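Trainee: Assemble chain B onto chain A, guided by the hints.
2 protein chains.
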Amino acid sequence: MRRTPLPPALPTTDRTRHRRLREQGSGERAALDAILAAGFVCHLGVVVDGIPMVVPTVYGSDGTELYLHGSVASRSLAASPGSTVCVTVTHIDGLVLARSVFEHGVNYRSAMVYGVPRPVTDPEEKLAGLRCLTAQCAPGQWGYARVPDRKELAATALLALSLEEASVKIRTGPPDDGTSGPDADRPVWAGTLPLTTAFGTLEADPALREGTAPPPHLLALEGGRVG
Amino acid sequence: MRRTPLPPALPTTDRTRHRRLREQGSGERAALDAILAAGFVCHLGVVVDGIPMVVPTVYGSDGTELYLHGSVASRSLAASPGSTVCVTVTHIDGLVLARSVFEHGVNYRSAMVYGVPRPVTDPEEKLAGLRCLTAQCAPGQWGYARVPDRKELAATALLALSLEEASVKIRTGPPDDGTSGPDADRPVWAGTLPLTTAFGTLEADPALREGTAPPPHLLALEGGRVG
Chain A
1 MRRTPLPPAL PTTDRTRHRR LREQGSGERA ALDAILAAGF VCHLGVVVDG IPMVVPTVYG
61 SDGTELYLHG SVASRSLAAS PGSTVCVTVT HIDGLVLARS VFEHGVNYRS AMVYGVPRPV
121 TDPEEKLAGL RCLTAQCAPG QWGYARVPDR KELAATALLA LSLEEASVKI RTGPPDDGTS
181 GPDADRPVWA GTLPLTTAFG TLEADPALRE GTAPPPHLLA LEGGRVG
Chain B
1 MRRTPLPPAL PTTDRTRHRR LREQGSGERA ALDAILAAGF VCHLGVVVDG IPMVVPTVYG
61 SDGTELYLHG SVASRSLAAS PGSTVCVTVT HIDGLVLARS VFEHGVNYRS AMVYGVPRPV
121 TDPEEKLAGL RCLTAQCAPG QWGYARVPDR KELAATALLA LSLEEASVKI RTGPPDDGTS
181 GPDADRPVWA GTLPLTTAFG TLEADPALRE GTAPPPHLLA LEGGRVG
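Chains as they are written, first to last, in full-length UniProt numbering: chain A, 1 to 227; chain B, 1 to 227.
Honestly, the hints are just simulated from the structure, not real lab data.
Predicted model, so just to flag it, every value in this text is computed and none were measured.
Be aware that a few hints might be false.
Stated by the list, open to error - Label-pair restraints from in silico Cβ distances:
| id | chain 1 | residue 1 | chain 2 | residue 2 | range |
| --- | --- | --- | --- | --- | --- |
| 1 | B | Gln24 | A | Ala213 | 25 to 35 Å |
| 2 | B | Pro215 | A | Asp122 | 58 to 68 Å |
| 3 | A | Val72 | B | Ala213 | 56 to 66 Å |
| 4 | A | Gly82 | B | Pro216 | 47 to 57 Å |
| 5 | A | Asp185 | B | Gly173 | 51 to 61 Å |
| 6 | B | Glu125 | A | Pro139 | 41 to 51 Å |
| 7 | A | Arg118 | B | Ala213 | 49 to 59 Å |
| 8 | B | Ser180 | A | Ala30 | 38 to 48 Å |
| 9 | A | Pro11 | B | Gly63 | 37 to 47 Å |
| 10 | A | Ala37 | B | Ala34 | 29 to 39 Å |
| 11 | B | Pro215 | A | Gly82 | 50 to 60 Å |
| 12 | A | Val116 | B | Glu125 | 39 to 49 Å |
Said to hold, decoys possible - Once the Cα atoms are required to be at most 25 Å apart in a straight line, the calculated DMTMM-like pairs of lysine to aspartate or glutamate come out as:
| id | chain 1 | residue 1 | chain 2 | residue 2 |
| --- | --- | --- | --- | --- |
| 13 | A | Lys169 | B | Glu152 |
| 14 | A | Lys151 | B | Asp183 |
| 15 | A | Lys169 | A | Asp33 |
| 16 | A | Lys169 | A | Asp62 |
| 17 | B | Lys151 | A | Glu103 |
Idealized CB from N, CA, C, for every residue including glycine.
Isolated chain A (complex conformation) (with noise of 0.2 Å):
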C-alpha cells in the first residue's frame, strides 16, 4: 500500500479539468475522501475492444487508494492491469425543481478517479486490503465472519487504484433561476426535494441456526443513511 500521504489539493489534468459549470467543482482533497467514505458501490469504466464497459461493484478506500476485488474470472477486472480505469461514485441528494424544466436537475455529489489499477497479489497485502473494502461495505464482518483461506483468496483478484487523479463535483442547493431571469416571478412552485439512501431492518437468513443473534456492529447498522 501506498504510505505518502496524498496533496490535500486535486491535480488539473485534462480529464480532470472542469470544461462546464466549473462553480460545480471541488479541487480539494478532502471533499474526494468524503465522498468516497459515504458509500460502498462505484461504476467501474473500462475498456474491453475498444467498447467501453460500465460495471457497479463495491470498493474500500484507504485515502490513499481504492480497491476493487471480483473473480479472478471477472471481464471487467481482467481487461483493467495496464490499461487506464476510471472508477465513478455518485450520491444523488435531491431533484432540483425549477420554474423551467431547462433549469431541473438533480443535487449530488460525484467523484471520478482516473489510473492504472495495480493487481495486488503478495497474499498479505491482499488481505489486507480485502479487510479494507470488508471494513467499507460490511464493517466489523471481517473476524466476525470467517475470513479468507488460501483458496479463496487465489480466487479473489484485488485491484488498488491510486487516488492521486481524480475529481469531484457537488451541487447543492435550490433552483438557479428563482433570483434573476425571466422565469424568477412564474407562480410556479420550486425547490428541492431530497433523495436519502438507508439501510433497514436486518433479516435473518431462513437457514439461520435458531438461536444466533445478531451482533451488535450489524445492529449498529439499522436505520443508518449511506451516501
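Mentor: Same frame as chain A, but now just chain B:
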C-alpha cells in the same frame, strides 16, 4: 423514435453474455424495463482518447430507446455519436451478510445497455424526448414548469440509445453459505440488511414567491421509493 416493438427476450451478444454467475443473469426484456422504470440516474460510459469515462446522468426510457441529455458542450455526449457507449443503471437492494467474508455481497438489480447513440436533432422529436426524460426524472413537471424555448432546445444535446442490446443482472435473497458447505453450521449471524432509497419532503426555494403551494404531482412524490 423507434416504433417497432422490441422482442421479449434480450439478445445474447459477446458483450451481454453472462460469463459468470449465470444464475444472476436475466434474459427477459421485462426485467430490463422494470429496472429502467425504477430509477432515473444512470452511469454513461464513453471512450475519450482511448480512456474510459464514466459519468452519472439522468435518463428517460420509452421502452424502445433510452434518452440522455446534456449541454452541447459536454465532453461525454460529444464523444458518444458514432461510437459505442455503455449505459448502466444500478439499484442496490441491500447487503448480503454471510458466514464467511468470501460469500459476502450485495443484493442488486443492474442493467447494461450497449449501442451507438443517435443524436436527436429534429426539434419536435427533441421536445418529445426531453418530455420523456422529464417524465422519468420529475414526473408532472413538463408543462407545469416552463417547457424549453428554441434557444434552450438548441443548447441541449439529446441522444437516443436503442434498448436492443442489453443485459440484466439481479441478485436477491439470503447468502449462499447457509444450506451446504463448511460454514453452514458456523455460529455466525447471517442474513441481509435491506437498503432503500426514497424521497423525503419538499423544500421550498428560499426565493419562492410567498403563497406559492406545491402542486399535487409533486406532493405525490414525497416519501416515494426510488429504485
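Trainee: Compare the structure with each hint and give your call.
Mentor: Status of the hints after comparison with the structure:
1. B:Gln24 to A:Ala213: 25 to 35 Å: 30 Å, holds
2. B:Pro215 to A:Asp122: 58 to 68 Å: 60 Å, holds
3. A:Val72 to B:Ala213: 56 to 66 Å: Roughly 58 Å apart at Cβ, these two residues keep to the hinted range, so it holds.
4. A:Gly82 to B:Pro216: 47 to 57 Å: Holds - the Cβ-Cβ distance for Gly82 (chain A) and Pro216 (chain B), about 55 Å, lies within 47 to 57 Å.
5. A:Asp185 to B:Gly173: 51 to 61 Å: For Asp185 (chain A) and Gly173 (chain B) the Cβ distance comes to about 53 Å; the hint holds.
6. B:Glu125 to A:Pro139: 41 to 51 Å: 49 Å, holds
7. A:Arg118 to B:Ala213: 49 to 59 Å: 56 Å, holds
8. B:Ser180 to A:Ala30: 38 to 48 Å: Roughly 47 Å apart at Cβ, these two residues keep to the hinted range, so it holds.
9. A:Pro11 to B:Gly63: 37 to 47 Å: 43 Å, holds
10. A:Ala37 to B:Ala34: 29 to 39 Å: 32 Å, holds
11. B:Pro215 to A:Gly82: 50 to 60 Å: 54 Å, holds
12. A:Val116 to B:Glu125: 39 to 49 Å: Between Val116 (chain A) and Glu125 (chain B), where Cβ atoms are some 41 Å apart, the hint holds.
13. A:Lys169 to B:Glu152: 23 Å, holds
14. A:Lys151 to B:Asp183: Within the cut-off at roughly 15 Å; holds.
15. A:Lys169 to A:Asp33: The given pair, whose Cα atoms are some 13 Å apart, holds under the 25 Å limit.
16. A:Lys169 to A:Asp62: Answer holds: Lys169 (chain A) to Asp62 (chain A) is near 21 Å, not above 25 Å.
17. B:Lys151 to A:Glu103: 13 Å, holds
Of the numbered hints given earlier, the model fails none.
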